[in-house]
Amino acid sequence: MDAFTSSGNYLGTDRIGRGLTNAESGRLDKLLRDHGFRAASVHAFRFALKLAKTKGRAEDVVSRANLRLVCTGWDPNAVSLQRRLLRLVWSEFTHDRREEVLARRVEEEFLREQGIHGPVPPPAAARGDPLQPSPKEAAASSIEQEVITLEEEQAELAARRKKLDALIERLRAGKDEIALEYLELRRNGIVSPAKMVEASGRKVDVKVFYEAARRIQRLVERIAGEKPGARPGNDENEGGS
Amino acid sequence: MTSEELWQTLVDETGEALIEEAAAVSLAQAEQELAAAGIDVADVYGQADSFLASLRAGGAVVASAADPEAPSRKALPSRKKARAIPVWMAAAAATVTAGAVAYVATRPSEGTPPAPTTPPSTATPPPTADLVAQAGDLRRRAAAACNLSHPEECLALLDAARDKDPAGEAREDVKALRQRAEDQLREIEAKPKPK
Chain A
1 MDAFTSSGNY
11 LGTDRIGRGL
21 TNAESGRLDK
31 LLRDHGFRAA
41 SVHAFRFALK
51 LAKTKGRAED
61 VVSRANLRLV
71 CTGWDPNAVS
81 LQRRLLRLVW
91 SEFTHDRREE
101 VLARRVEEEF
111 LREQGIHGPV
121 PPPAAARGDP
131 LQPSPKEAAA
141 SSIEQEVITL
151 EEEQAELAAR
161 RKKLDALIER
171 LRAGKDEIAL
181 EYLELRRNGI
191 VSPAKMVEAS
201 GRKVDVKVFY
211 EAARRIQRLV
221 ERIAGEKPGA
231 RPGNDENEGG
241 S
Chain B
1001 MTSEELWQTL
1011 VDETGEALIE
1021 EAAAVSLAQA
1031 EQELAAAGID
1041 VADVYGQADS
1051 FLASLRAGGA
1061 VVASAADPEA
1071 PSRKALPSRK
1081 KARAIPVWMA
1091 AAAATVTAGA
1101 VAYVATRPSE
1111 GTPPAPTTPP
1121 STATPPPTAD
1131 LVAQAGDLRR
1141 RAAAACNLSH
1151 PEECLALLDA
1161 ARDKDPAGEA
1171 REDVKALRQR
1181 AEDQLREIEA
1191 KPKPK
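As given, the protein sequences belong to chains A and B, one line each in that order.
Going by this note's numbering, the residue at position 126 of the first sequence is 126; the numbering climbs one at a time, nothing skipped.
To convert a position in the second sequence, counted from 1, into this note's numbering, add 1000.
What the hints contain is simulated information worked out from the structure, not anything from laboratory work.
Here a beta-carbon is modelled for each residue, glycine too, at the ideal position from N, C-alpha and C.
Check each hint, because a few of them may be wrong.
If you want a taste of the chain A side facing chain B, the calculated C-beta under 7 Å gives, among others [as the list claims (entries may be wrong)]: (1) Ser6; (2) Asn9; (3) Arg15; (4) Ile16; (5) Val42; (6) Phe47; (7) Arg83; (8) Leu86; (9) Gln217; (10) Glu221.
Over the 10 Å line for every Cβ pair with chain B, so calculated as not near, a few chain A residues [to be verified]: (11) His35; (12) Leu51; (13) Pro76; (14) Asp165; (15) Leu180.
Chain A regions said to be covered by chain B (calculated; three or more residues, Cβ under 8 Å) [said to hold, decoys possible]: (16) 21–34; (17) 152–163; (18) 169–177; (19) 198–208.
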């Protein structure tokens, strides 16, 4: 499989299951330069600094985002390089690995179509080297690998539950009743703040729920970047009503 | 909606809002904000250049037989040897940088002749003042990386600096820095691997 499609979409080393050739590296380099990689990096760094607060952490996040760009690819016809990098920065900051999981699923699907059964083990690139995935990776995973994958998925779900609990805890500490109600209504499938006003039975303006959503987003931004088990930072008063 | 789904939805929505906001900022404004935060914007550009340089350097080693212009595998450093270096452990710990990728990808194993892709320094035209300045910046960052015990990153930065300013490689302080990083790397290699 080529690293680039005919339309110029760069597939990424995870997808092609190998490292880049000289010609492909040169082409990726040119593609990134042509699409303003240097300027996009400034935007990415600014965003990372806003999220991570310190220069060291921002550098780390941007470095990892760059690596994931090589691993997971980029379709210049679908999204600008700047937005692609910003998204990767966000996903690195929040420790989100869904894209890798998605890439793995695509690969599994491909192998199923080829008549090769069994789930695919994590690609070598996901373990750190985007340019040198092992060419001799087994086509089917062992029982141990399946157990590890399952454990990872369960740990990921547990981490999400913990983060939601942390969010609720902080809203409770700030006595933000509206935000807590907003969360409960979202859980029940109500997305529109106007419908939330109705469902809550409160005689409040709809903007009260919009403001609650913004307070929640500020807290989510903070909690999402915290490593599991980290102590909450010194929150500003997010209290609502 | 489960708790996990609700959290992920909130993270996605927050991310979208923040990305929209960040994408709306002009380059000049972004540079200005970084400068105001005490960040050297030239350093940020330097990191981007370094990443691109590491990409090119790393790609040279993983060339496939399908690429007739690529150097022969026989002439390239042993992949097995490169994999033996516990750099990927550092990568798993999310501390690896793009520069580390290039270094490990291009690092020649002991006794292996260097890859034939590097042109002899005598054939290289003298670097411009700008290139020398960029190389100087890369070497400063390499020293910082070495101080933080990140030898792979240090060596990758030194390699990137050598590409820009080959003559600077002969300086005593640069040689000493490279030696120090290689010593650090050997120490890491010598440590037993966790099972």
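Status of the hints after comparison with the structure:
For the restraint placing Ser6(A) at the interface with chain B, the shortest Cβ-Cβ distance is roughly 17 Å, beyond the 7 Å limit, so the hint is violated. With a least beta-carbon distance of about 18 Å to chain B, the hint placing Asn9(A) at the interface is violated under the 7 Å criterion. Given the 7 Å rule on beta carbons, the hint for Arg15(A) is violated: about 15 Å separates it from the nearest Cβ of chain B. This hint is violated: Ile16(A) has a C-beta 10 Å from the nearest C-beta of chain B, more than the 7 Å allowed.
Using the Cβ-Cβ criterion of 7 Å, the hint placing Val42(A) at the interface with chain B is satisfied: the shortest such distance is roughly 5 Å. The beta carbon of Phe47(A) is positioned within 7 Å of a beta carbon in chain B (closest approach about 4 Å), and the interface hint is therefore held. Because the closest C-beta pair between Arg83(A) and chain B is about 6 Å apart, less than 7 Å, the hint holds. With its C-beta approaching chain B no nearer than about 5 Å, Leu86(A) sits inside the 7 Å limit, and its interface hint holds.
A least Cβ separation of about 4 Å between Gln217(A) and chain B falls short of the 7 Å threshold, and the interface hint therefore holds. Among the interface hints, the one on Glu221(A) holds; its C-beta lies about 5 Å from the nearest C-beta in chain B, closer than the 7 Å criterion. Residue-level check passed: His35(A) sits 12 Å from the nearest beta carbon of chain B, beyond 10 Å. Non-interface status of Leu51(A) relative to chain B is broken: a Cβ of that chain comes within 10 Å, the nearest being about 8 Å off.
Distance to chain B confirms Pro76(A) as a non-interface residue, since its nearest Cβ pair spans about 16 Å, more than 10 Å. The claim that Asp165(A) lies off the interface is violated: its Cβ sits roughly 8 Å from the closest Cβ of chain B, which falls inside the 10 Å cut-off. Annotated as non-interface, Leu180(A) keeps its C-beta farther than 10 Å from every C-beta of chain B; the closest such distance is 13 Å. For the stretch 21–34 of chain A, the stated coverage by chain B holds: 10 residues have a C-beta nearer than 8 Å to a C-beta of that chain, and at least 3 were required.
Beta-carbon proximity to chain B at under 8 Å applies to 4 residues in the stretch 152–163 of chain A; the threshold of 3 is reached and the given coverage holds. Here the stretch 169–177 of chain A counts 0 residues with a CB under 8 Å from a CB of chain B, which misses the bar of 3, and the coverage is violated. Given a C-beta distance limit of less than 8 Å, the hint that chain B covers the stretch 198–208 of chain A is violated, as 0 residues qualify and 3 are needed.
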